[in-house]
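K.L.:
Listed here are the chains, written in short residue letters.
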Amino acid sequence: MTDTPDHRPPEMQARPSRLRRAWESDFIYSFTRSPVAMVSAFVVVVLVLGAVFAPLIAPYDPFNPASLNLMNGFTPPGTANQFTGDVFVMGSDDQGRDVFSTILYGMRISLFVGFAAVLLAMTIGVTLGLIAAYVGGWVETIIMRIADVQLTFPAILVAMLIFGIAQGITPPEYRDQVAIWVLILAIGLSDWVQFARVVRGATLVEKNREYVQAARLVGRSGNAIMLRHILPNVLNPVLVIATISLALAIIAEATLSFLGVGAPPTKPSLGTLIRIGQEFMFSGEWWILIFPSATLLALALSINLLGDWLRDALNPKLRA
Amino acid sequence: MLAFTIRRVGQSILVLLVTGFVAFSMFTYVGDPIDNMLGQERTQADIERLRDQLGLDQPFFVQYWNFLKEAAQGNFGLSYRQGRPVGEILVERLPATLELAFVSGLMALIGGIGLGIFTAIRKSGALSSSIMALSLIGVSLPTFLIGVLLIYIFAVELGWLPSFGRGQVVDLGFWTTGFLTVSGLKALILPAITLGLYQMTLIMRLVRTEMLEVLRTDYIRFARARGLRERAINFRHALKNTLVPVITVTGLQLGSIIAFAIITETVFQWPGVGLLFINAIQFVDIPVMAAYLMMISVMFVGINLIVDLLYFAIDPRLRVDRSAAKGH
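From first to last, the protein sequence lines stand for chains S and W.
So in full-length UniProt numbering, spot 68 of the first sequence is number 68, and the numbers just go up one at a time.
So in full-length UniProt numbering, spot 67 of the second sequence is number 67, and the numbers just go up one at a time.
Simulated from the structure, these hints should not be mistaken for laboratory data.
Possibly wrong hints are sitting among the right ones.
As the list claims (entries may be wrong) - Computed footprint of chain W on chain S; a stretch qualifies when at least three of its residues, placed anywhere within it, have a C-beta under 8 Å from a C-beta of chain W: (1) 113-121; (2) 143-149; (3) 229-236; (4) 273-283; (5) 294-300.
Everything numeric in this text was worked out from a predicted model, so none of it was measured.
Positions of the beta carbon are idealized from the N, C-alpha and C atoms, including for glycine.
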């Protein structure tokens with residue numbers, strides 16, 4: 001903006017952001033010292049890569065009807081099919097689809113919905129939390145009252161309700177097409193309160209700090225102070241909540257899809273796959289159920305553990 | 001105390017008004033019930049008759065007023081799907097859900113407090129560590145997956161317990177119970193574990209944390225110095241002070257037990273209100289969805305209110321420090 005040289009005392013010059021400082025100091029160290037965090041991170045990275053590169057990795061394209069052979073139905077894992085001789089690492093389902101491939105593609109949907117829902121919840125929550133704390137007054141009262149009312153109900157119930165209403169508004173012939181987006185909307189809207197509360201709490205503390213007063217004196221606008229000065233300083237807890245929310249969102253998506261109020265059978269997520277697998281559990285085709293379930297569990301558990309570690313690593317009070 | 005009570009009651013009424021508005025908006029703006037109730041071979045006369053019967057031809061405010069009036073009496077009109085009064089269906093389904101919630105809540109409370117105390121006292125034992133590790137999996141395991149896996153192990157592989165339904169129930173006129181027959185009790189085991197496991201791990205971890213905190217305090221050290229037996233210290237002195245947050249969390253979890261019953265009931269095809277709600281969403285049966293929403297919000301608000309007041313009554317410190325009571 002200006003060409004004047006930086007005359008501020010050295011300790012105020014180009015102060016790196018809190019995130020960056022954490023990154024450079026204890027963050028990596030704490031990561032390398034925690035085997036749980038490293039293993040979880042490894043599992044998450046492998047699963048995410050598997051989902052992203054599903055079209056390259058998957059041995060079959062489970063959604064291309066031309067590649068399906070009904071003769072391949074119910075092939076147990078690792079054994080050659082008695083009619084076709086095809087081998088499936090994790091077996092095949094009733095329509096002869098490779099379970100391993102459907103899991104890879106299913107994970108794409110699960111992770112996409114999870115990430116998008118958390119992003120939505122985070123955007124809404126952080127924005128409203130910042131505004132509530134910074135503006136105050138009746139704006140704050142309204143936002144936080146809405147948050148209170150919503151918090152009376154478990155998130156999964158709110159998500160179900162939003163999904164139900166959205167389905168009702170959508171004409172029946174479009175329901176399957178928009179189901180994924182409705183899911184994102186439902187889970188995202190059900191989960192913003194956590195972010196809003198934490199950001200509001202942190203902002204209330206930050207807004208009385210000297211640097212905010214200084215920024216105000218210099219004449220920066222309210223928006224600039226909120227976004228450029230306060231926001232970076234309240235991001236640590238947001239990061240932790242986002243990680244834990246991701247695990248919760250993935251579980252919520254799986255739950256809704258499992259209950260039949262989520263991803264349609266044409267675009268199965270892990271939850272839909274478990275729902276399908278459950279039907280064959282009684283007749284002994286366990287692999288259709290167990291492999292998607294194990295994948296979901298691995299995904300949710302490792303993200304949770306990573307979130308736990310992140311919470312401890314970013315909390316200076318816990319650093320002895 | 002009085003001011004606090006009035007404020008909390010006011011908040012509760014606000015929550016109910018908001019959910020009431022949501023429920024009514026669903027009635028008014030979502031979906032076309034005529035489409036859902038009548039099949040392909042409907043005539044114009046059929047449509048008119050049904051529209052009139054459901055009151056869908058009346059203006060907004062009349063419908064809104066009717067809704068409030070009827071809702072207060074527990075009357076939510078006819079289910080679009082079953083064509084029967086929603087209130088009647090709910091009353092019929094409610095005992096199944098309440099019995100399931102009661103058993104799993106009890107299990108979560110007893111198991112959670114017991115295991116919590118155990119893992120806090122034997123902090124470094126191998127058994128405690130494995131319980132803690134297992135509890136982490138319990139928290140990450142989605143409810144429906146617990147149910148499915150339990151069915152797979154105990155119903156499919158071992159064949160010990162039924163995988164769906166309520167078993168044989170006894171009709172007491174106003175209440176149907178599964179407590180009185182062997183098959184009813186057997187059918188209750190797997191759903192109750194499924195529903196209660198998550199709450200149990202939650203309560204257990206909470207009790208453990210609180211217990212460890214309390215055991216570090218001076219008065220416990222003093223009790224030890226006085227030469228009291230470990231048993232008396234742990235149960236008479238320490239446990240008492242850990243129970244305040246446990247009561248709050250348990251009370252609030254009661255609400256989520258009822259909500260998570262939706263999942264458990266669907267997995268086990270348990271004929272309660274939760275299964276009714278899921279079916280209502282699948283078939284866009286708005287009156288059932290709205291009625292369920294209202295019913296569950298009355299329950300939640302009631303539970304929250306009672307827990308808040310109870311919290312106030314149990315912890316004498318809050319009576320002095322008013323600001324701590326609303327510190328959540």
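K.L.:
Hints first: check each against the structure and report whether it holds.
P.N.:
Consistency of the hints with the structure:
| no. | hint | verdict |
| --- | --- | --- |
| 1 | 113-121 | violated (count 0) |
| 2 | 143-149 | holds (count 3) |
| 3 | 229-236 | violated (count 0) |
| 4 | 273-283 | holds (count 4) |
| 5 | 294-300 | holds (count 3) |
Hints 1, 3 from the list above are not met by this structure, while the remaining hints are.
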